[in-house]
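Colleague: I would like the entire structure built from these sequences, with the hints used as guidance.
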Amino acid sequence: MADNFKGIPNAMDTEFDNFWNKVSCFAAANFPFEERCEFVRNAVDCNTSTNVVPYMTLLACELKCVNKFQEMIFISLFMMLGFQILILLIYTINDYYTPALKAVSRLLHMNEHLAGVTLMAFGNSSADLFSNLASVKRHVPVLANSLSSALFVTMISGGLICFMTPFKMNAYETVRDILFLILGTFLMDYFTSSSGVVKNEWHFSLVALVYVSYIIINVADVYLLRRTLKSTEIKIQSLMGKEQTPKTLEKIRKLEEKYDYYSQDGQVEIYERNSKVSQQDKIRYTTLRMVRDSRVSVNRGLTRFKRHDITQPKNRGLFRDFVLALRPFKCVAWRKADMLERTLLLIRTPAVILCTLYIPLVDYELDKHGWNKLLNCLHVILNPALSIAVFMSVLNTKGNTLWYIALQQQMVYGAYSLVLTVPFAIFILVKSRTDVPPSYHWLFTLMNLTGSMFIIFICATEIDKVLEVIGNIMSIDDDFMGATVKAFTGNLSSIFANTAVAAHGYPKMAFASAIGGSFFTIVVTGNTVIYVRSLVGHDVNTRNQMEEYGFSAFLFLNIGLFTILLWSTTLGFFARRSMGLYSIALYSIYLTFAILVHEKVIHSFADAPQISAAFGDI
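Numbering-wise (the numbering used here), the sequence shown opens with residue 1 and increments by one.
Some hints could be false.
[Stated by the list, open to error] Derived DSSO-like pairs: lysine-lysine, alpha-carbon spacing no greater than 30 Å straight-line:
#	residue 1	residue 2
1	K258	K235
2	K235	K254
3	K230	K314
4	K247	K230
5	K168	K235
6	K258	K230
7	K314	K330
8	K242	K254
9	K306	K258
10	K251	K235
11	K254	K168
12	K235	K247
13	K22	K168
14	K314	K336
15	K306	K431
16	K68	K22
17	K64	K22
18	K242	K230
19	K251	K168
20	K230	K254
21	K68	K600
22	K230	K168
23	K306	K330
24	K247	K258
25	K242	K258
Don't read these hints as lab results, they were simulated from the structure.
Modeller: Set out below in structure tokens:
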């Protein structure tokens with residue numbers, strides 16, 4: 001009888017046949033040190049989950065870690081590498097991404113709010129979407145992590161914006177965005193809790209339609225605003241031609257007040273970076289008001305033609321400008337810096353050189369708008385070729401190989417772009433001048449924005465991977481990491497970009513991005529990833545999507561959103577520093593709650609898990 005079943009494969013045999021394809025790379029931490037190298041070389045996840053640096057392979061095989069002490073030393077080195085990547089992230093956001101964002105927003109005729117909920121929200125949150133789709137087969141509580149991420153961005157990023165640069169909010173737009181965000185969170189919670197599974201195409205389409213409606217309403221709002229401004233201007237001009245009676249003058253005054261109010265949100269202006277934020281009531285400390293201070297717009301014509309001299313040759317200083325652009329820091333800055341500042345200048349040197357060679361700079365505040373003829377010709381060739389080659393390498397990598405191992409074979413795709421870019425670079429070299437940017441300089445803004453977003457994506461995901469490796473080696477629970485640490489690391493780009501934009505004089509854009517980015521994370525990222533996971537056959541029930549901390553994040557997020565509505569309407573939509581401190585304090589309470597749940601001091605809002613068999617019906 002036993003011979004009849006011999007050789008017949010069962011479910012457990014299939015499980016072991018696919019072991020190396022399914023096992024997590026971090027399971028190597030459970031093996032003895034001398035056996036970890038063989039494990040990470042066989043586990044497919046050790047390569048497919050690698051962004052740039054294969055940390056587990058380095059630990060087990062290259063560095064040959066043999067005890068806990070060495071492991072802690074190498075983890076410290078990984079943290080130093082993470083700090084270096086953080087420097088690159090901050091430098092890219094402050095010096096390249098923010099100027100490009102302002103230029104593109106003005107190029108597309110957006111106002112601050114629309115630019116925040118579209119360009120900034122997508123740029124800050126798309127990395128999370130792509131990384132989740134890339135690891136769609138991994139068991140990750142997507143909705144819980146999306147809620148935790150949205151809570152962090154709304155409370156911490158929004159709180160820092162209010163604290164650093166108190167400002168007058170856009171009343172109607174702010175209320176509308178927060179109500180949309182509340183609707184999105186409740187819709188996702190309803191579909192996961194009522195049906196137990198978010199795999200119905202109708203559910204997916206409905207949630208997606210909410211986000212599409214949100215974007216359409218914001219675009220329509222700007223369109224109607226422009227029409228109102230135009231009609232108001234026509235009315236003022238018609239009244240100016242009439243007899244100036246007291247009644248007519250009163251109508252003109254009211255129309256001018258209306259025009260001034262709406263024109264504040266008409267279009268993105270390029271402001272001087274060191275100018276202060278315009279507002280009716282800016283706060284010096286927590287509640288003390290201070291006098292009004294206006295922002296100073298940049299004279300783009302002046303900065304463009306400041307170095308222009310028609311009597312000089314068009315290639316004057318061609319190589320000098322190129323060499324000066326490659327300097328990691330100015331000699332004057334080095335002489336004035338103290339020991340700590342010089343250390344920071346040296347640390348950021350690799351970031352400066354990398355960004356200078358890869359990203360063309362377009363900044364209307366700088367002389368010639370950042371134009372550098374020879375360097376920009378190099379950008380035209382290098383930027384598209386490298387971007388295409390890296391993208392194709394990531395897309396076509398298969399099996400147990402790292403994506404940059406295949407880069408050499410995929411460089412041919414980048415070479416195809418040379419057919420277009422080399423003639424364009426030659427045209428620029430022949431026709432343009434060194435002392436004034438050409439009329440088509442706006443094209444470099446697109447490369448500036450996309451190149452910055454690419455570097456930001458790589459840096460943010462790599463920092464996230466560093467802390468994920470450290471957390472798993474130290475045996476920290478994955479759900480706890482996702483609800484706390486990864487919510488921070490995954491949104492480093494958001495918090496630095498939002499605070500940098502606010503510091504540059506655009507707090508309305510930054511706050512709109514904090515709300516719009518959170519809405520994107522929940523409604524687009526959470527909804528899309530859950531639906532795709534259901535299509536590939538993964539279990540996406542409520543318990544798997546919320547886990548231990550999802551309900552806590554849902555509760556605290558909605559408490560925070562409702563209180564933002566409360567204090568904003570109460571204070572006349574003046575974002576005060578005290579409100580920023582309140583938002584940060586609320587997130588601190590959430591962190592305390594999550595830590596107490598993790599330490600089993602208190603119980604979470606989730607249901608107690610049911611005990612089930614480890615395999616099959618055993």
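Colleague: Run every hint past the structure and note whether it holds.
Modeller: Status of the hints after comparison with the structure:
1. K258 to K235: Judged against 30 Å, a Cα distance of about 12 Å means the pair holds.
2. K235 to K254: holds, 11 Å
3. K230 to K314: violated, 42 Å
4. K247 to K230: Between K247 and K230 the Cα gap is close to 22 Å, so the pair holds against 30 Å.
5. K168 to K235: Cα-Cα ~28 Å, so holds.
6. K258 to K230: holds, 12 Å
7. K314 to K330: Holds, at about 26 Å.
8. K242 to K254: Measuring from Cα to Cα gives roughly 16 Å; hence the hint holds.
9. K306 to K258: violated, 37 Å
10. K251 to K235: The hint holds at about 10 Å.
11. K254 to K168: Holds - the C-alpha atoms of K168 and K254 are around 21 Å apart, at most 30 Å.
12. K235 to K247: holds, 14 Å
13. K22 to K168: violated, 52 Å
14. K314 to K336: violated, 34 Å
15. K306 to K431: holds, 20 Å
16. K68 to K22: holds, 27 Å
17. K64 to K22: holds, 25 Å
18. K242 to K230: holds, 19 Å
19. K251 to K168: Holds - the C-alpha atoms of K168 and K251 are around 26 Å apart, at most 30 Å.
20. K230 to K254: holds, 15 Å
21. K68 to K600: holds, 27 Å
22. K230 to K168: The hint holds at about 24 Å.
23. K306 to K330: Holds, at about 21 Å.
24. K247 to K258: holds, 17 Å
25. K242 to K258: holds, 20 Å
Violation of the numbered hints given earlier is confined to hints 3, 9, 13 and 14; the remaining hints are satisfied by the structure.
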